[in-house]
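Chains as they are written, first to last, in the UniProt record's numbering: chain S, 1 to 273; chain D, 1 to 225.
Please note that a few of the clues may not be correct.
What the hints assert, rightly or not - BS3-like cross-link-like pairs, simulated, lysine-lysine; straight-line CA separation at most 27 Å:
1) D:Lys210 <-> D:Lys164
2) D:Lys210 <-> D:Lys156
3) S:Lys31 <-> S:Lys191
4) D:Lys164 <-> S:Lys227
5) D:Lys210 <-> D:Lys199
6) S:Lys31 <-> D:Lys106
To be clear, the hints were calculated from the coordinates, so they are not data collected in a lab.
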Amino acid sequence: MQTQAVETERRMIRDAEKETDMENRLSDGEKVFIISGAEADYRVDGRRCEDFRNIMVESGVIDTTDGSARVRFATTDLLVGVKCELQSVENSAAVQDRIRFSVDCSANATPQFEGKGGNEFADEIACALRTAYSNDYVVPDFEKLAVSPSHVWILHVDIVILQYGGSIIEAASIGAIAALTDTNICEVETKPADENRVTVEMSEMGKVWNLDTTRFPVIVSVNKLGKANVVDCSLNEETCIRSAVCFGFSFSNKMKPQNLYQVVQFDELSRLM
Amino acid sequence: MPYTLSKVRIPLSDLLQKTSEDAPSSSSFRPVCFKINLFENKKGSAYVEIGSTRVLAQVVGPCEDSSGDFYEAQIKVVFSGFDEVSIRSQLIGAMRGLIQLHLYAKSLITINLTVLADDGGVLQAALLAASMAIIDAGIEVLDVCVACQVAVLPDKSLLVDPNKSTQTQAALTVAILPNLNQIICIDSSGTMSLEEYEKALEFAVSKAVKLYPIVRKTLFAEMNS
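Chain D with its partners taken away, still in its complex shape:
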């Protein structure tokens, strides 16, 4: 059958309503998909999809590094498919807070991140992917990491997980360790007053925690299989 004709009349107002429902609601993430251990015989990989932002992370190591630090492991992050200058230091800083580096003296942990598609929120996806890949690689960590990006819209309302086309006044990405109640990364741009900033931070943390059950489920699903 080449195409199907509907015999039911669809009023135009219904269509309009439907598009407004499809628009991102202010309090929910885009559809997410997490997966770890993607490759059969190689540990240490994770895939994170948030809406149409897709990031693949692979961890190599810890490998011995004779010129490495005497007291703790070094972290190297290699990006592909993305201009990483803006998020590299935030990612390394967050991973330094997450991994128990002192257990891996004189070694190097390399995190390869491939950004397959970028539709906003690459930092939050990269943080989630990198932390899950590290856990999959069997590297000892303090906690799992959950991350969330929120946007402050020009009318001062807050929106969780904005995509690239959203017109924002400011954006804030935060990564937390939910069990330890510690923040490991904050990155923001745009203008905010101090009160707005505090509100946005609190909102981001409360939303990031919502991802925790999903991350947990992803990790346990692989462990049990």
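Chain S with its partners taken away, still in its complex shape:
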């Protein structure tokens, strides 16, 4: 009798564990439904494999930043703010990372982000964006950000993930472009000073310039659901992904960084692209 009680208790604990684990887990039947649907080019929410959800971009949403944007992809919600900082450095030409990214995951975004859960994910997104922006092709105004040999504009792009509903990397790249387009950078004048130094002064009141964002990269991730190539996965679809590849595209057919997770057959990859 006693052993039976222990058995039931164990089972209860096990079931409870399963339930807490269930946040993002689907049964095999549901997975088969999603995957075979995607292979037939039909998805649960009525989209085809190549369709995105509605994208809403709003710029100039935070007054306290120099530029900001809010991006919504159905349930995904991101807030992006840009702050400009004029830094005094020894040699401005040596400062390569003039656009810096940091990503914050709100603990409300998804249960997995509770505690420090979101930190690694945030680093990954920030790193992908950094790789995407770390070449002078995509940032035509790179030289212009260095105002003098000892002064350089640093643009801090802070991204906050308010709600996680899949396709964060797409939303983050779009948000970064929108916020940087919205960013007003002060016109400054440089004047020579003592000991070969340069002083920087604000030019006429309120005179600003904007970055040339025409070549800024848009990052798209393509996911494999069964044999189908799917873009913009919802949360449920994300649990069925076999592999994924992210590409950053800059207009005029140049492309940039990407990471590929897990397994993909070599001949399949060219079709992904």
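Guided by the hints, dock chain D onto chain S, whose structure is given.
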């Protein structure tokens, strides 16, 4: 004898020619050295040296993890001596594709990677070291993993295994499972057109396969001894 004087005159042109031969050729790796089972009484270690990039990998586990996943093992990667943010997720993703995780439910596999020296291509060295250490630890895998980094130079030519000082337009690291013909990791930076990208990928895969006999030999040498 403090020093030796050569009686033979060496023409200056010979010296110049020699330096051009020493420069990395576009189709060969830097000298490589692989070794597994480095420590007598502890399984699960590997050392990879590619040129002067040196990586040491040690695997702990699989250990029981009561809060672990119900269906598959978790992988944890700990780096030392290197700012790992840029390559951590690629490494974990590749290892998830390599290891038969479903055989180790509710357990944790920890991979400790020590980058002793970094002269470019840390990701390819780390991938090779981690996969060999995992095999040495006796964890079941699908295949061995071979990895290769290639660079696209500004004149659009391709170079295998660039070192840190190489001026590149773009770089691409790829890891494959040679027997299954599957790609488990791609990481690239810089700008490439789609055609260049496809060419670079094909080149990287063909070069990565060249490492397979060396990895195989390393593993078998330890098994037979």
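Evaluated hints:
no.: 1; hint: D:Lys210 <-> D:Lys164; result: holds (22 Å)
no.: 2; hint: D:Lys210 <-> D:Lys156; result: holds (23 Å)
no.: 3; hint: S:Lys31 <-> S:Lys191; result: violated (65 Å)
no.: 4; hint: D:Lys164 <-> S:Lys227; result: violated (39 Å)
no.: 5; hint: D:Lys210 <-> D:Lys199; result: holds (17 Å)
no.: 6; hint: S:Lys31 <-> D:Lys106; result: holds (22 Å)
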